[in-house]
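One-letter residues, chain by chain:
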Amino acid sequence: MITKEEVEHVGWLARIEIDEKESDAYAEKLNSVLDYFGQLDEVDTEGVEPTYHVADIVNVFRKDEVTESMPQEEVLANTEHKQEGNFKTPKIM
Amino acid sequence: MTAWTDISGIRHKIADSSAEEVTASYIEKIGKSRINGFTRVSEEALNTAREIDANGHNGPLAGVPIAIKENISTKGLSTTCSSKILEGYVPPYDAHVIEKLKEAGAVILGKTNMDEFAMGTSTESSYYGPTFNPWDIERVPGGSSGGSAAVVASDEAPISLGSDTGGSVRCPAAFCGVVGLKPTYGCISRYGLISYANSLEQIGPLATNVADIAALMDVVAGYDNRDSTSINRENNYSDALEDDVKGMKIGVPEEYFGEGIDTRVEKATWDAISNFEDMGATYEKISLPYTKYALASYYIIAMSEASSNLARFDGTRYGFRANGDNWHDMASKTRAEGFGDEVKRRILLGTYALSAGYHDKYYLKALKVRTLVKKDFNKALENVDVLMGPTMPTPAFRIGEKIEDPLSLYLSDINTVPINLAGVPSISVPCGFADGMPVGLQIIGKHFDENTIIRAAYSFEQNTDHHTRRPPEVE
Numbered sequence: 001m002i003t004k005e006e007v008e009h010v011g012w013l014a015r016i017e018i019d020e021k022e023s024d025a026y027a028e029k030l031n032s033v034l035d036y037f038g039q040l041d042e043v044d045t046e047g048v049e050p051t052y053h054v055a056d057i058v059n060v061f062r063k064d065e066v067t068e069s070m071p072q073e074e075v076l077a078n079t080e081h082k083q084e085g086n087f088k089t090p091k092i093m
Numbered sequence: 094m095t096a097w098t099d100i101s102g103i104r105h106k107i108a109d110s111s112a113e114e115v116t117a118s119y120i121e122k123i124g125k126s127r128i129n130g131f132t133r134v135s136e137e138a139l140n141t142a143r144e145i146d147a148n149g150h151n152g153p154l155a156g157v158p159i160a161i162k163e164n165i166s167t168k169g170l171s172t173t174c175s176s177k178i179l180e181g182y183v184p185p186y187d188a189h190v191i192e193k194l195k196e197a198g199a200v201i202l203g204k205t206n207m208d209e210f211a212m213g214t215s216t217e218s219s220y221y222g223p224t225f226n227p228w229d230i231e232r233v234p235g236g237s238s239g240g241s242a243a244v245v246a247s248d249e250a251p252i253s254l255g256s257d258t259g260g261s262v263r264c265p266a267a268f269c270g271v272v273g274l275k276p277t278y279g280c281i282s283r284y285g286l287i288s289y290a291n292s293l294e295q296i297g298p299l300a301t302n303v304a305d306i307a308a309l310m311d312v313v314a315g316y317d318n319r320d321s322t323s324i325n326r327e328n329n330y331s332d333a334l335e336d337d338v339k340g341m342k343i344g345v346p347e348e349y350f351g352e353g354i355d356t357r358v359e360k361a362t363w364d365a366i367s368n369f370e371d372m373g374a375t376y377e378k379i380s381l382p383y384t385k386y387a388l389a390s391y392y393i394i395a396m397s398e399a400s401s402n403l404a405r406f407d408g409t410r411y412g413f414r415a416n417g418d419n420w421h422d423m424a425s426k427t428r429a430e431g432f433g434d435e436v437k438r439r440i441l442l443g444t445y446a447l448s449a450g451y452h453d454k455y456y457l458k459a460l461k462v463r464t465l466v467k468k469d470f471n472k473a474l475e476n477v478d479v480l481m482g483p484t485m486p487t488p489a490f491r492i493g494e495k496i497e498d499p500l501s502l503y504l505s506d507i508n509t510v511p512i513n514l515a516g517v518p519s520i521s522v523p524c525g526f527a528d529g530m531p532v533g534l535q536i537i538g539k540h541f542d543e544n545t546i547i548r549a550a551y552s553f554e555q556n557t558d559h560h561t562r563r564p565p566e567v568e
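Chains as they are written, first to last, in the working numbering: chain A, 1 to 93; chain B, 94 to 568.
Bound conformation, chain A alone (with noise of 0.2 Å):
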């Protein structure tokens, strides 16, 4: 079970602003999920291995060189918040 608080404290982690009011509402609809992904605990997993990709590969590495980049006004032209060639956001601190 989700508690009210911890959905609070999850909503901090993914930075996703929750008031009180929709902590409810979340935690109730969580559970019932929850509730569901608790069937897995019937399935025997001793020994077997996680799969965290299907694909058959294995790392791939490049030489490290210089290429050709996206020209900075094209990454900055999604946004109004720029300044100096760089984004702009609120202090971080």
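FYI, nobody ran anything at the bench for these hints, they're computed from the structure.
Accuracy of the hints is not assured; some may be wrong.
EDC-like cross-link-like pairs, simulated, lysine to aspartate or glutamate; straight-line CA separation at most 20 Å [as the list claims (entries may be wrong)]:
{"hint": "1", "chain 1": "A", "residue 1": "Lys91", "chain 2": "B", "residue 2": "Asp422"}
{"hint": "2", "chain 1": "B", "residue 1": "Lys195", "chain 2": "B", "residue 2": "Glu144"}
{"hint": "3", "chain 1": "B", "residue 1": "Lys472", "chain 2": "A", "residue 2": "Asp56"}
{"hint": "4", "chain 1": "B", "residue 1": "Lys426", "chain 2": "A", "residue 2": "Asp19"}
{"hint": "5", "chain 1": "A", "residue 1": "Lys82", "chain 2": "B", "residue 2": "Asp422"}
{"hint": "6", "chain 1": "A", "residue 1": "Lys29", "chain 2": "B", "residue 2": "Asp434"}
{"hint": "7", "chain 1": "B", "residue 1": "Lys495", "chain 2": "A", "residue 2": "Glu28"}
{"hint": "8", "chain 1": "B", "residue 1": "Lys426", "chain 2": "A", "residue 2": "Glu8"}
{"hint": "9", "chain 1": "B", "residue 1": "Lys539", "chain 2": "B", "residue 2": "Glu347"}
{"hint": "10", "chain 1": "B", "residue 1": "Lys495", "chain 2": "B", "residue 2": "Glu231"}
Here the structure of chain A is known, so what remains is to put chain B in place on it, guided by the hints.
Same frame as chain A, but now just chain B:
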């Protein structure tokens, strides 16, 4: 009633008139549409068509219009994942598949509606409002690539691209009565596909017929070093277009006919399998015992990956930004206002499943169950050539019927998500009707054996006429 226009029909029309006229006729049709399948039409489409006319019709798709899902990056053409958080975002680059389509001479007609960030089975969670099923506008088109399927079904585009994380190409293909392919994981580069659950998803083609699916695969599949999971493997998909399934061994998983299946869907599926027998194939009933647990495993993995992939949408570099006193406040408000309810639920659940104390119980457990699901497929496909079952357990449901209850919506993905966990290819083809709504037959193959399922689907199409019926919106 006229037949569907396939790629070769379009190419004849272009030869008789021009790519510009053909593109203009689709744009006119989109303008009159009642299904809300397109989110936007490209302002460049007519120019591109004119250039193709001026330069001679070179390339396998020269002048052929195509619709692209809202989550596939198109340079200069807005790509929003049907979310408020990406409102106004215009990609500065093309996805690999778009580069390939342009090289082949295709005309990017516009972008199609989807469930927000591809999280859904009904295309109801879009910021742009729901797309309607052209067979009955009170019903959903399926999802998440609902726009891509609906516009092909209603002849507003001859072909389209969608993406399939847990059934998002096959489900709407089944609900809208068109053909849709989820290729083997690694077959098509994901470069430029905005990630939702990157270990599960593949871009996939939708069309009115199997030959067009193969033609599209011949263009968009192939190695790309910008996707580290891209597999270097040559294949010609159109070579598989043979009407011959003599001696083909079909496995029919009993779990795909489980609780909640519509009896008319069940009948249409078995009728299709009988058709295959008449055509010289044989079938046996088989079991994929871990199917029951696939859904929970899939959703835990998809939500966990989503919580990480969607972290980049924080108002800093593109899209919507809310006001805040500091960065954390700004990002938290941006995400609270910019994401819809289902997206927020999935990010929260994914964050929870990965958080200290719950990681082993949920995420690691789901990955181990994934191994067992994958082994089910490997074992079954040692003895048979393909697996067949219903793509969806029911025909398209009504708009508003399931959207308020996330779990009931998740349960409708029971026959499609195991395929993504295993990474195998699967195609959905029309195989009949239930209550006037199309039913899809799902044909599943071995890793990188697209050609066998394409051959099976093509043979079925040549010997039946389900795919020739068109929805009332087109008549």
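Notebook entry, point to check: For which of the previously enumerated hints does the structure constitute a violation, in increasing order of number?
Noted result: none
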